[in-house]
Every structure is written in structure tokens, then in C-alpha cells.
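Engineer: Chains as they are written, first to last, in this note's numbering: chain A, 8 to 498; chain B, 15 to 126.
Be careful, since some hints might not be right.
[Said to hold, decoys possible] List of simulated lysine to any residue pairs, SDA-like, C-alpha gap at most 20 Å:
no., chain 1, residue 1, chain 2, residue 2
1, B, K119, A, K235
2, A, K147, B, V120
3, B, K20, A, A324
4, B, K119, A, G62
5, A, K376, A, G338
6, A, K127, A, D115
7, A, K235, A, G224
8, A, K277, A, Q266
9, A, K159, B, K20
10, A, K159, B, A113
11, A, K159, B, A110
12, A, K306, B, A88
13, A, K444, A, G420
14, A, K132, A, A324
15, A, K147, A, L299
16, A, K116, B, D71
17, B, K16, A, R291
18, A, K194, A, F242
Calculated from the structure, these hints are not laboratory results.
Spelled out from the first residue to the last, the chains are:
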Amino acid sequence: MVTTPESSVAARAKYEPVIGLEVHVQLLTETKIFCSCSTRFGAPPNTNVCPVCLGMPGVLPVLNRRAVEFAVLAAMALNCRIHETSIFARKNYFYPDLPKGYQISQYDKPLAEFGWIELKQNIGKKIGITRIHLEEDAGKSLHEGFADATEKTAIDLNRTGVPLIEIVSEPDISTPEEAYEYLTLLKEIILYTGVSDCNMEEGSLRCDANISVRPRGQKEFGTKTEIKNVNSFRFVREALEYEIGRQIEVVESGGKITQETRLYNANEGKTYGMRSKEQAHDYRYFPEPDLLPLVVDEKWKAEIAKQLPELPEARRARLVKDYGITAYDAGVLTFSKELADQFEAAAQAAKNPKRVANLVQGELMGRLKSRNLEIGDSPITMQGVAMSADLVESGAISGKMLKDLYDLSFERGKDFGAVYEEEGRPVQSSDTSTLEKIINDLIAANPKQVEQYRAGKKTMIGFFVGQVMKASKGQANPQVVNELLVRKLEG
Amino acid sequence: MKVTEKDVAYVADLSNLELTEEERAHMVRDLNSILGYIDMLNRLDTDNVEPMAQVSDRYGVDTSKAGSERFAYANREDILFGLRPSLPHEEALANAPDADETFFKVPKVIER
Chain A
8 MVTTPESSVA ARAKYEPVIG LEVHVQLLTE TKIFCSCSTR FGAPPNTNVC
58 PVCLGMPGVL PVLNRRAVEF AVLAAMALNC RIHETSIFAR KNYFYPDLPK
108 GYQISQYDKP LAEFGWIELK QNIGKKIGIT RIHLEEDAGK SLHEGFADAT
158 EKTAIDLNRT GVPLIEIVSE PDISTPEEAY EYLTLLKEII LYTGVSDCNM
208 EEGSLRCDAN ISVRPRGQKE FGTKTEIKNV NSFRFVREAL EYEIGRQIEV
258 VESGGKITQE TRLYNANEGK TYGMRSKEQA HDYRYFPEPD LLPLVVDEKW
308 KAEIAKQLPE LPEARRARLV KDYGITAYDA GVLTFSKELA DQFEAAAQAA
358 KNPKRVANLV QGELMGRLKS RNLEIGDSPI TMQGVAMSAD LVESGAISGK
408 MLKDLYDLSF ERGKDFGAVY EEEGRPVQSS DTSTLEKIIN DLIAANPKQV
458 EQYRAGKKTM IGFFVGQVMK ASKGQANPQV VNELLVRKLE G
Chain B
15 MKVTEKDVAY VADLSNLELT EEERAHMVRD LNSILGYIDM LNRLDTDNVE
65 PMAQVSDRYG VDTSKAGSER FAYANREDIL FGLRPSLPHE EALANAPDAD
115 ETFFKVPKVI ER
């Protein structure tokens, strides 16, 4: 629940929030950024460690080329300028989950700068991306759940040295909704590039938000607070909502915002200041002497660019163009890369791609949603949708029958094709209107045969029955077909 | 004097060092002497000299190669245990001042 202080509601209009987001994304490499330990999540604690990531004396980091390529891919997808030369730097601070006493990161010469993401709700508004840099992750501190937890903290260093990119936005974000949209789009783009799984539960994507308020029209920024490690986009939105209200209340009552780190308590919907040392962070960055400059020249960049897949925005535009579907349909179908891939494969195999799109959106998505299923868990595959679309297209089954078969698929947890077989390949054989349509089409398409029949060659009826049976995939009731044909041909 | 006792106390704190009064005074003298030398170096004209944090990117490089290729030797492929395997769990924990059978243990951490 978001609890916005009441008094801020009136004051709110007078203030403008200024929000910037820092997103950390874990790269899906096999090994860590500076050593060849595994990055696998969920391994027993302190088993994916070696002298390098444990920070033993005398060891040297060796850069993982794949991590660089993934970072460059992400930067390209986010419209950044990639610097040919960037420099690793040491960020010095003491914390037990950082065994070296410094984090290898990038500082004044990051890998990439000047990117942007274009929002959709507020059409045309671009959120700038200040920079994207490579760095190593720290380990994990566990404060609770141990017999000696009151005196000790347990440390797992498996995550130490896992490659990260930090994506820093410009303070261009003006509302919690925009922050939410930016994060959603960012995640979508990163997922499409395939450089991260963006799994927030496993910490593959983490977000910190910087937020300040200023009277509308004022140029200078207000004092900001930083909300750290909020573990869902919805909570980021809620935390910002709360924090904006809190800051306005403080300023309105004549107080001053303290620059500090705050934590969001999702149960209470409130942020709390962390106890912090009076001294500001002073990381004393300096160039990492153990690593050479990172050089990504045009040649390497071109090689990496070849791995860049079609991005969501471009794909939506192409789906509209290629399949004649609406922009809305394209948006639904590109919800994930996986879904879009499956759709395209199925649509290309089907007679009418637009019908496949409509069925996915109209019949499949709703059923998945009402059962809380992901597209990956759908009993009906895209091939099943394509098959059903073809059956409706040919007139073999009606829309009503398709809905019933979809319901049966979900009931039985089986694909459309299996249920269609189990039901004995039903057809709308007794549905005279469909048969009439087939017959009308046949009569129109075969004037010569109609003429022969009407001239007295009654055996021609056999030709027409055969054609109707073929059009109905052999499922039409022959007696009904005969009666209808006689009536139509005689009439 | 450039560096004061206060500066020394601040830097010592950042470095998790506990200095005695005597050591602090000593550090003030040492650091000022070093900075005095730096001042002398600062009199040199370095306008057209690139800052250098590394010698190996400037000297001893294979000049027949350019761009990324020149530094490729310092990178590695993303291959599990390509450099060396991870340490056996017991060995990883062996040198820790405090550990249980699974985790490193440190005095309770409250704030970050």
C-alpha cells in the first residue's frame, strides 16, 4: 500500500519531482569478469571462488572478453556512444562482502555514454542515459537466520566478481509512472539483447533511485535522497510516490532534506533513512593498475553489432508491416522475445497471419491471464493457434467451436491439436450457413458445371458434393450437402 | 603546510587505520614532504602529455598490432576454469580468521 501523506496532496502541484535511476544488470556470462570461476546462481556458498575473486595477495585480474561484448551490445541497444578506449578504476571502500577493499569499476572514462530510451505513454519523451560502465559485483552478506546472528554476519563470496553493467539515467524522469515505464522498457530491451535474464528475485537486475523535488520553474535541483535496492518495479514506483510526498512535506513545513540513503519498506509503503556516517562517501577512485585500457575499436564493434538482434521497437514496426496487424496487436505479441518468436513461426506457417494474431490476443491471452499463466506455460502452443486459425479460415470449425476447443485445451492441459483429435475432429457439418457459403462459392466458381446440371446432367451433383466435402475437409454431413446442393442448383 | 592533522585523521579513517598521536604527526611531515616533491614536478609543462596510469599500454606493446588486437592478449575467453579451477570449499575458507563450515564470518555488520 502506498501511504501518501495527506497534507502533500494540495502542495504537490507546486513541486516538480526530479528522478534519476541507476540500474545494475548482471551479464549472462559463463564465468566471472576477472577470473574463470562460475557465475551460476544457487551454487553452495563459497564454492565458486578462487584466489582472484577472494582478493588474495599477488593475484591479477584478467578481463572476460564476453563480458565486454555483452556490455557493448546493451550499450548499442540503448543508443549509446561506445568509447573506443575506456579505463577500469578502483572504487575504494571497506565492506566485508568486498574482499579486496575496492571494487573494480569504471569512473571518468566509462565504456559508453549519451544513450536514451524513448517513452511511449508520454509520446516522444526521451530519458537520457548518462553512461553505461562495466564493473564487478560484490558478495552477499547474510545478517539473519544463524544461531550467532546477533554477533556475526555470514559472507558468501560466490557473487563476488560476477560481471555487471551499471546503467545510469539522466535526471529526466518526472513522475513515478515514468520511472516505472523507463524500467519496463529498459528490461524489455536488455532481455531482447540476451545479455541478462533480468531476474529481480535472483538479483540479476537491481535498481537504485535518486529523487529530489523543486518548486516548479526553479532551475536548481533540490537536495536528493537515494532509495536503494528496491526489488520490484512496482515497489520503485511506490517508494518514489511516498518519497515525493515526504520530501514535499518536509520542505513545506520549512524543513530541509537531508542527503541520505533510504530504504523502502514494502509492507508499510514507507521509506526510512539509514543510519549513516557523518562523512560523505569518498571512494578515492584511481585507475586500476592491474588492467590495461579497454579498447573496443571499430572492427571489434562491428563484430559485436552482428550479434545485436532486432529490438522490440523495430520488431513491432515490422510485425505491423509484415502481418498487417495493428500496432496494439504487435505490442501484445512482442511482450517477450520468446512469444514474438513463437508467433512469427506459427503465423508464417498459417494461411492467415492476422487471424493467428487475433486468436493469440483474443482467445489465448485472456485465458492465460485468468489462470495466472505465463505464455511459456500455455497448453496451447503457437502451432496449435495456427492450426485452429487454419480450421476457422477454411470454415471447418466455427468461432464458437474454437472457443469450446480452447476451453477444453485449458481444462485438459493439452495442445489444441490433441484436443481436436480427441473430440473426433469436429466440424460445423450441420451448420447450413457455412455449407451454403461453400456451395455459393462453388456455384459461382463453376458456371460450366452448373449449366450442365441445369441442362439435365443430374450426375454433375457428384462433382459438387465432392468439392464441398473437400472444402469441409471431409467433415460435412453428405445428406445435408446433397439437400442444399439440389435446392441451390434447382433454384 | 598543505596537509593538516585533520586531513591525516580523515584519510586514516577511510583506510581503516588507527594512528597514535605520534604516528599522526609523523604522517603529516611525510605527506607534506611528498606533496612538496609533487609541487616541484608540477612545474614541468605537461600540457601535451597524456596521463599515464600504466606503462604496459605505452611501452613494450606489439606495435605491429593496432586497436583492440594490441591488447587482446590481456583478455580471456569466457570458458569455465579456463584460467584455473575454483578453490575447494575448505581451502577457500582455510585462511579466514573466522568461518563456519559454509560461510566466512565477520563481526556483525549493521550499516553500510
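Engineer: Output the numbers, in ascending order, of every earlier hint that fails for this structure.
Structural biologist: 1, 3, 6, 7, 9, 13, 15
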